[in-house]
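**Q** Chains as they are written, first to last, in the numbering used here: chain A, 1 to 273; chain B, 1 to 361; chain C, 1 to 186.
If you're looking for bench data, these hints aren't it; they were derived computationally from the structure.
All values reported here derive from a predicted model rather than from experimental measurement.
Certain hints may be false.
Claimed, not checked - Partner residues aside, some chain A positions facing chain B, computed with beta carbon under 7 Å:
id	residue
1	Tyr168
2	Pro186
3	Arg205
What the hints assert, rightly or not - Restraint-style ranges between C-beta atoms, simulated for each label pair:
id	chain 1	residue 1	chain 2	residue 2	range
4	B	Ile100	C	Gly100	54 to 62 Å
5	A	Glu97	C	Glu39	30 to 38 Å
6	B	Lys331	C	Thr58	30 to 38 Å
7	A	Lys85	B	Phe245	42 to 50 Å
Glycine included, every Cβ here is placed at the ideal spot set by N, Cα and C.
Each chain is listed here by its residues.
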Amino acid sequence: MSDYNFAYLDEPTKKMIRRAILKGLAVPGYQVPFASREMPMPYGWGTGGVQVTAACLTPEDTLKVIDQGSDDTTNAVSIRSFFAKVAGVATTTRTAEASVIQTRHRIPETPLRSDQVLVYQVPIPEPLRFLEPRETETRRMHALEEYGLMHVKLYEDIARHGAIATSYAYPALVNGRHVFDPSPIPRFDNPRLESPAIQLFGAGREQRIYALPPFTSVQSLDFDDHPFEASKADGACALCGATHTYLDEIVADDQGTRRFQCSDTDYCMERRA
Amino acid sequence: MYVAAKGGEEAIAAAHTWLAEARRGDRSLPAMSTAQIAEQLALAVARVMSEGSLYDIDLAALAVQQARGDLIEAIFLIRAYRTTLPRLGSSRPIDTGAMICERRVSATFKDIPGGQVLGPTFDYTHRLVDFALAAGDEAAAAKIAETAPQTRSRVSDHLGREGLLRDEPRSDATPPDLTRTPLELPAERPLRLQALARADEGFLLGLAYSTQRGYGRTHAFVGELRIGTVQVAVEIPELGFAIDFAEIVVTECETVNQFTGSRTEPAQFTRGYGLVMGRCERKSISMSLVDRALQWQELGEDNVGAPAQDAEFVLMHSDNIQATGFLEHIKLPHYVDFQAELQLIRRLRREATEAQMEAAE
Amino acid sequence: MNALAAGFANPPQESARAFRAAMQAMACPGTIQNITGPEVPGLSPAAALLLLTLTDGTTPVLLTGDAAQSQDWLTFHTGAPKAGSAAEAAFAVGRWDDLGPLNPYPVGTPDYPDRSATLIVEMAEISGDGPRLTGPGIETEVQMSLPDADALRLNAALYPLGVDLFLTCGSRLAALPRSTRIAEDG
């Protein structure tokens, strides 16, 4: 093992994070402030997710870490090897084998189960932040359930562009009460936020934790005449042929030829196996 | 146990090997020791200690070396280490009035009890590159006048005696600690000062400069700037008294600011305060100007909308470890989000073209 | 000193497992977790385990009724200060009647609904015989025995404010967050 405590964080810190997670589960979508610690990786690179994962891991867990849907992106590799080292847990790339999955920007294509925990890395947890930069103001807006500003923004999009110009980190109403930011997942993933798994969101630099218990109602914001649409590239995976998955676009040559591949590399490989 | 491993892992390992090699540089040259860094790059080490919030000269010197002289990277190393240290207790407040000063100047009085002490300062050096230093021609060890270490009264006490300097409310309350509880706004002055003491020197310098140029002008003079050694004492409950357990160097700056009065306060001088671990003169002066600008509310001044008056703006953006992490994270892959944006842009363009064609028909 | 002996032998691993059970319970109201906790006079093993896992010097704990016997044990193992009253409690432990009415416990503030008490209610039994529950963590609906459905319905009506409950019985553990809606009938 190592000179560090199990899962790196000291026990008092884990207690503090665990209490925040429980309150987050009790008020789904509400951002619980927590005293985020400085981690041995940079803020903005998953420190919130790493702290939440560290507070959740048991020695029996099998951990999967993905970034952009892939297990092999460098930051996913780095976080996975961090936990393999400081917690000594088993790791996997297979969604079905994992008990805890830390993710950045995607929900795995393989449907999750009730015995799995999905931990999201969150850069800006506040869905209202780009409309109102002040924390003191946005906190009041959540308290008073004042989400008019958000609807105005989305409606202005429709007036100007004929469509809502938010393609990722698409805001949703949780449990009919709190507007939340699902982290920068593509809006293709929004419908799958209603899941049997426990979903936890950690924002380290912004010192916030929030959560979705299984089966929590998550309604992507929309309008009757402009219903929410989960969009993706119109194409098929060049490797497995899937047309129902979220696709990455790849520039194949200098002539600009494009092709598509599943962003979830594990799912794609399972289909080809 | 099955461990997932793929190409990315090898790429990372190779990059880190290269980094180690690059850090060492040309092996025909002798390697530096951390002792050399601590002695000869002392101000870099001081900045790492102050913004790293950990007073440990050897460790900070090691961090500077490991970070190849990138001070924000070195500060990051110290912060990440600091957060793993157990907290055994809290010291009593340090008494900067009892400081053994190596430098102490005041811009407000020509002469002061204890005198002006320039100390080892860059002030009044002619900024001429010293080519002799490059040639390895070290000046002979200078004869520094031996003076008995002495404490010196605070300049602000002399002003305070006349009642012209705003008295600061005293409190025995334990100040909040933003490293243990999440930053909550609005923040009281003790919390603001803690954030400023850890803040990026360059950020504070820019903000302080902006107040001098008119963005929230606060007319600051350096009432006193002192650098020196103070004792750190800890109360031992079993003994019933405090013992000194460490000696640290700190830099303290107190500005006096013209204040013509407000609805709640008479005309008087007010203070800005900067206290920083180590020899960090520019930082402590910057800190005291920003501290003063942030006090507009307590003093009943107008908020003129200057950046340095905006506590939320200052506190949320002053930490260079937070800032650099988030800034640099845009290097990480974002192709999922970019793909979503691509789809959207293409769709908006297609719809716009279709609308134009319909209009033309 | 016997009471002082029982704690975690291996805190990082044991508290991690305990937390996962607590998290599962809080995330899925109406489900019952079986856990192994220490034998502490005045507390069920489940309640003792929750206290070891969640409390520390920053969380005032109110021990009511029999649970008060465990005050020295709690102080020794967690350093949690004794809450002077319900209004000060971050955590409160005891049988429903000993805990008293819910009103005085902190329910959070509109800006910070998380600043609310967590009650650990020692139950004579926990079963699926009780009111129908719906809400986050529940796929369709579930039934669970509750100490006082009327009081808890009022608590749920405060949402997003309110207290959150753990229900403990021997080594069994369940939870009722404020987000759970409690049906009027049976």
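**Q** Hints first: check each against the structure and report whether it holds.
**A** Against the structure, the hints come out as follows:
Annotation: interface hint on Tyr168/A holds; nearest CB of chain B at approximately 4 Å, less than 7 Å. Satisfaction of the interface hint for Pro186/A is found here, the shortest Cβ-Cβ separation to chain B being roughly 4 Å, below the 7 Å cut-off. Hint status for Arg205/A: holds, given a least beta-carbon distance of 5 Å to chain B, under 7 Å. The beta-carbon spacing between Ile100/B and Gly100/C, approximately 58 Å, falls within the hinted interval of 54 to 62 Å.
At about 36 Å, the CB distance of Glu97/A to Glu39/C agrees with the hint of 30 to 38 Å. Between Lys331/B and Thr58/C the beta carbons are some 37 Å apart, a value that agrees with the proposed interval 30 to 38 Å. Distance hint for Lys85/A and Phe245/B: a CB-CB separation of about 35 Å, inconsistent with the stated range 42 to 50 Å.
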